[in-house]
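J.: In case you want the letters, here they are:
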Amino acid sequence: MKIVVTVKQVPDPNATQGLESDNTIARDREVVLDPGDEYGIEEGLVLKEAQGGEVILVSMGPERARDAIRKGLSMGADRGILITDEQLAGADALLTAKALAAAIKAESPDLVICATESYDGSTGMVPPMLAELLDMPQLTTAKQVEVSGSKVTIHRQTEDGYQVVEAETPALVTVTAGIAEPRYASLKGIMAARSKEVKQVGLSDLGIEKGEAAETVLAVNDAEARQAGEVVEDDGSVGVEKIMAVLQTAKVV
Amino acid sequence: MDFALTDLQRSLREEVLALGKRFPLDWWAERDRAGEYPWEFVRACAERGWLGLVVPESYGGAGLGISEAAVLLHAVGETGAGLSGASAVHFYVFPITPVIRHGSEALKQDVLPRAAQGELLTAFGVTEPTAGTDTSRIETRAERQGGRWLINGQKVWTTNAQNAAKILLLTRTSPRDDAAPFEGMTLFLADLDRDACEVRRIEKLGRAAVDSNEVFIHDLVATDEQVVGEVGRGFQHLLDGLNPERIVIGMEACGIGRAALRLASAYARERVVFDRPIGANQAVAHPLARAWADLEAAELVGMKAAWLYDQGRPCGLEANTAKLLGADAGFAACDAALQAHGGFGYAREYHVERLWREVRLARIAPISQEMVLNFLAQRALNLPRSY
Ligand SMILES: Cc1cc2nc3c(=O)[nH]c(=O)nc-3n(C[C@H](O)[C@H](O)[C@H](O)COP(=O)(O)OP(=O)(O)OC[C@H]3O[C@@H](n4cnc5c(N)ncnc54)[C@H](O)[C@@H]3O)c2cc1C
Ligand SMILES: Cc1cc2nc3c(=O)[nH]c(=O)nc-3n(C[C@H](O)[C@H](O)[C@H](O)COP(=O)(O)OP(=O)(O)OC[C@H]3O[C@@H](n4cnc5c(N)ncnc54)[C@H](O)[C@@H]3O)c2cc1C
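These protein sequence lines are chains A and B, in that order. Note that the first sequence covers residues -18 to 234 in this note's numbering. Note that the second sequence covers residues 4 to 390 in this note's numbering.
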């Protein structure tokens, strides 16, 4: 089975975050492989170990996004493709999806695994767009994935349980954080990664053009601060009534 | 000139820092309080293959160099594990180096694969009550009797002796000769047989998690296979391992300094006194900035010394300089960090005091700052030998 996992490099979640003047995410700081994508890699490796095959990592980003791929190769993935091009700087979700789709199409994978949303942009739009561009069914927010023959079945996380959803391969699956504990890269894995191939491609190699941005971030506002709650002092006599009054005003009882 | 870490070194560093998140400061504080060996941490390091870092691949290790060991141990320090973490790893990696270079094939086959897996903890028995800085004064004797060796004497500061299965022991096999004081010593990788060795833990300033001990040795039996290298050349065999160890100790101290600075700068940004963060006062900021700069410099010498060693070039001056500057910079950083914390720096809860206590060791062991300067004066400046 040929599995592609998309991996994005994002600003380190443990470091301070910031935006540039044009509302793009400041990337002049420590970057890491998106922790969400570690789950995708783990799931890819688990499936490969069970069924044989190959795990290919695809990332779009600046030259240093190679580090995100290297991390996945150290965990055990087989090879990587880095899409990098000056014209891709500040790409929106659609252009990101187009570039990823072009690189992935050339590999004709059986399964594409993405995280549900990225840590930084977190639009969650790349995977659905990618599925459309690749003409694959998409199975989203999987907390469990099984592949048998040409059928992929997932447990799809919902608010009150899960749905069992299946599709024919080739298919695209987005995974959630709970799916499997990402493995660490052992020293042997790190050493093996040194000789694994990372192919670098640009827009012209992929035969796509930049085009107009489909999405622009107009403004970024801080989330509204939570209002202070109402404190009900209970001296043992009035607490219950006061709470009932509050609940009735809020129309929850 | 290329100052960049290799991909492998960067990956290794990232993995160490990631593991550090699973062993937070409070975990180490508890090991320190209870004087408990950090087994769980050591096992995690073993699983990741780090303990076999310098063991050749043909014996199940990774066969990497001192540059990688320096990056590894620096990063362990940087996680906040302090010397409790760094020494735990260090004492798997270093006591075994004379065996890699000078051990017989049988000895290597016997110990290296287990060492690489982290299944063999080795104590390091060189220092004696009457022989610290001047190793030629050791009195522990090994005598041949009926086809085997009988060892008698006493060691002090022997790290890991509470749990170790083996002990790297430096002994006298011929009496000290003033004309050639460093000849006539023999190195053994002996079993730490508890019937022949009484081990008494030393209460010490810091690093309670990793024990150091007095070891009283009475008729410990060793075989010819357990002799490391040549009989009578033990000190020389030990010497090749000293430069790498000094490089790495310096880097451990720098890593600990980095951890202290991280804590101190976070604290100095947040602690408000006289209506402003204390970090806005240059009297608080400058010592931290100075410490940062000193760490940068010490790390550069450390990595240069490691590079020289890995290239097979002479590195005595640089290795000793790395240990000197690393130990001073690491301690200065911890001290500045402690001061920036004010009274809270003295409280266990803020962790800096543990780092401060632990890093202090690097100025004493494995070689004192004074002896490093003696060496540099003699070898770099061609001044008369003073020891
Ligand atoms: C305020 C704001 C600022 C932004 N600033 C920037 C910016 O400076 N630079 C920039 O590139 N984007 C920026 N974006 C995001 C940009 O608009 C696109 O949304 C982004 O390129 C991809 O979308 P996402 O990160 O939301 O991915 P999502 O759709 O949330 O990603 C889901 C999954 O798709 C995969 N994926 C997504 N992107 C990639 C990739 N590049 N390579 C490999 N796999 C990928 C990963 O598996 C990821 O987990 C910004 C978005 C916002 C809201
Ligand atoms: C926690 C800890 C762990 C240790 N672990 C080990 C271990 O695992 N195995 C092991 O073998 N040893 C170990 N040691 C021992 C350590 O290597 C020695 O303590 C160190 O080498 C110094 O020796 P000493 O204590 O005998 O000092 P001494 O030799 O007594 O020296 C005392 C002081 O005098 C100074 N001095 C002596 N002569 C001169 C001179 N000519 N010029 C200038 N100054 C001089 C020294 O620098 C030092 O400051 C450990 C020590 C500690 C504290």
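The hints are simulated quantities; they were obtained by calculation from the structure and are not laboratory data. Please read these numbers as outputs of a predicted model, since none were measured by experiment. No residue lacks a Cβ here, since even glycine has one placed at the ideal position from N, Cα and C. Some clues are possibly wrong.
Calculated cross-link-like contacts (lysine-lysine; reagent style BS3-like; alpha-carbon spacing at most 27 Å) [claimed, not checked]:
#: 1; chain 1: A; residue 1: 169; chain 2: A; residue 2: 29
#: 2; chain 1: A; residue 1: 169; chain 2: B; residue 2: 207
#: 3; chain 1: A; residue 1: -17; chain 2: A; residue 2: 29
#: 4; chain 1: A; residue 1: -17; chain 2: A; residue 2: 169
#: 5; chain 1: B; residue 1: 111; chain 2: A; residue 2: 124
#: 6; chain 1: B; residue 1: 307; chain 2: A; residue 2: -17
#: 7; chain 1: B; residue 1: 307; chain 2: A; residue 2: 169
#: 8; chain 1: A; residue 1: 86; chain 2: A; residue 2: 180
What the simulated footprint calls covered on chain B by chain A, stretch by stretch (three residues with Cβ under 8 Å from a Cβ of chain A suffice, anywhere in the stretch; the number is not a length) [stated by the list, open to error]:
#: 9; segment: 4 to 14
#: 10; segment: 17 to 27
#: 11; segment: 220 to 232
J.: For every hint, state whether the structure bears it out.
T.: Against the structure, the hints:
1. Between residue 169 (chain A) and residue 29 (chain A) the alpha-carbon distance is near 19 Å, which keeps this suggested pair within the 27 Å criterion.
2. With a C-alpha separation of about 37 Å, the suggested pair residue 169 (chain A) and residue 207 (chain B) falls outside the 27 Å cut-off, and the hint is violated.
3. The suggested pairing of residue -17 (chain A) with residue 29 (chain A) holds, with an alpha-carbon distance near 8 Å, which does not exceed 27 Å.
4. A distance of roughly 23 Å separates the Cα atoms of residue -17 (chain A) and residue 169 (chain A); the hinted pair therefore holds under the 27 Å criterion.
5. For the given pair, residue 111 (chain B) sits about 47 Å from residue 124 (chain A) by alpha-carbon distance, which is inconsistent with the 27 Å threshold.
6. Proposed proximity of residue 307 (chain B) and residue -17 (chain A) is contradicted: the alpha carbons are some 44 Å apart, above 27 Å.
7. For the hint linking residue 307 (chain B) to residue 169 (chain A), the alpha-carbon distance of about 25 Å falls within 27 Å, and the restraint holds.
8. The hinted pair formed by residue 86 (chain A) and residue 180 (chain A) meets the criterion: a straight-line CA distance of about 15 Å does not exceed 27 Å.
9. Evaluation of the coverage hint for the segment 4 to 14 of chain B: fulfilled, as 4 residues show C-beta separations to chain A shorter than 8 Å, against a requirement of three.
10. Taking a C-beta to C-beta cut-off of 8 Å, the segment 17 to 27 of chain B contributes 4 residues in contact with chain A, enough for the three needed, and the coverage statement holds.
11. Only residues whose C-beta sits within less than 8 Å of a C-beta in chain A count toward coverage, and the segment 220 to 232 of chain B has 0 of them, not enough to reach three; the restraint is violated.
The structure does not agree with the numbered hints 2, 5, 6 and 11 stated previously, though it agrees with the rest.
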